[in-house]
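Chains P and F are the protein sequences, given in the same order.
According to our numbering, the first sequence is numbered sequentially starting from 91.
According to our numbering, the second sequence is numbered sequentially starting from 338.
What the hints contain is simulated information worked out from the structure, not anything from laboratory work.
Here the structure is a predicted model, which is why all the values come from computation and not from measurement.
Where is the CB? At the ideal position from N, CA and C, for every residue including glycine.
It is possible that part of the hints are untrue.
Label-pair distances were calculated between CB atoms; the ranges are [as the list claims (entries may be wrong)]: (1) P:H150 - F:V390: 13 to 21 angstroms; (2) P:D180 - F:L432: 21 to 29 angstroms; (3) P:E179 - F:R429: 51 to 59 angstroms.
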Amino acid sequence: MTRLLLVIAGGLVGAPLRYVADRAVQSRHDSLFPWGTFSVNIVGSLILGFLAGASSALPHGVQLLVGTGFCGALTTYSTFSYETIRLYEDRARFLAVANVTASIVAGLGSVFLGAAVSQAIWG
Amino acid sequence: MEHHHPVEPLPRGPVDSDVDLRIDGRAQRVHDPVILGAIAVGGAIGAAARYLVGLGWPTPPGGFPVSTLIINVIGCGLIGILMVLVTDVLTRQRLLRPFLGTGVLGGFTTFSTYAVDIQQLVTGRNAGIALLYLATTVVGALLAVRASVSATRALITWRTR
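The shape of chain F in the complex, shown without the other chains (with noise of 0.2 angstroms):
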């Protein structure tokens, strides 16, 4: 199958999964609004399905936040197929990588409550949750993401064969 790129792709696609420098420009300082309006539309999208999440499984206090880590393991998961497929396949699919990698995966996972969320069980004395809330998290959204990677391209090499 012969690819077609728009733009000289690394083998690999880009390292950060939000900015693309080889596409999105160093040198120009505007930015294309179309572009940020997807972002911001799948941000939205993302961070309402997170807050309902969080209220249909709310975490008591001192509990283990499993809402936070599911939605941050699946995110991880998504953004590794998304990620195989704009790299590989869908190469032409302008605003695909904005929409839902940067957007829609990018507002509905959380950095910033995951860090609280570690705080506030710290804080709690529940430091042995806290702990092991920390370490679940990153190994789950690491395998999460590895395994799907993995997974998508082996399915496109199967399917171009």
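Here chain P stands alone, though its shape is the one from the complex (with noise of 0.2 angstroms):
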């Protein structure tokens, strides 16, 4: 039970923080690209990253709360997949096959980026 409410605690803070992010991001360019939702799935998985490199290192609540909940929330699939379909169905095609790319080659860097600092880190 303590476990869900790490988790619970994480999501409270990661999803309406997302939100604030996504908007400050939004509305400081005019591009249809989804910077917003894009700087969030970075953020969130450099952080995911990380925790993934210092497992051993940290308790596993913080793990639960950080990254389960904090982590999980901030960062979004639905969003991202339909932000992708809508860049689709208004014909910046382009845009929407590089918002799935730039997306999986950032996130992907991010994370191996995080847990490397980590590893530096706790050895």
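Dock chain one against chain two, each of which comes alone in its own frame, and use the hints as you go.
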């Protein structure tokens, strides 16, 4: 039960932070490319990669609170996919393909980077 | 059927289902606490549901992360239905998109776990499974959105004829 509450606490913060960050990014550019969702997904992947690299050094509660709860709710697959389909429908097909490619490449890159940083710290 | 829109919507609604600047506002820095609260509660529900699905259907080390795949594809199917409904039918339900879309479905689906799943498989020398998981999730998620958007639009057109 405590574990579930940690996940809930993380989700309670992660989801509204995605909205606030997404809105802040979206209001600063005029392109169709969904930079807001892209940014939160990359930042969330970086943090979760860091946690994954430190899995033996950090208590399980931190993984649940920050990893499963916070990072899981901060990042989103549904918005990412919906945006991609909407771009495709709006004939912004290059942006749709670019969104998928850039999100996956940058997401994986930040996971590996985060894991490398935590492994450098805790070895 | 005549539609009454609280704001002038794009024919197909916003590209970003989390933030619609025409509704959420571009200039104002203040956030509506009711909207933020709805997103927070929704996000907590979504994250809890994702955690419980993962507990009930754990992925063995080096195995194909079936539960995360299912979670992400189902969440994508549901966002397609929701966005057509809030754009075309339930246009006055101000909290529906923040609560269900940004909150519940955003909290339920996850990009970071997807990326870490792939990294763990690659580092564990299961690059084949990693590639298969990478591709099936993207294709499954996009097909789910596409199919649910089309089906919901078709259903609305049929009902309002």
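Taking the hints in turn, this is what the structure says about them:
Checked against the hint of 13 to 21 angstroms, the C-beta distance between P:H150 and F:V390 comes to roughly 18 angstroms, which is consistent with it. Judged by the Cβ atoms, the range 21 to 29 angstroms given for P:D180 and F:L432 holds: they are separated by roughly 26 angstroms. At roughly 24 angstroms, the beta-carbon separation of P:E179 and F:R429 lies outside the given 51 to 59 angstroms, and the hint is violated.
Hint check: a violation occurs at hint 3 only; the rest are consistent with the structure.
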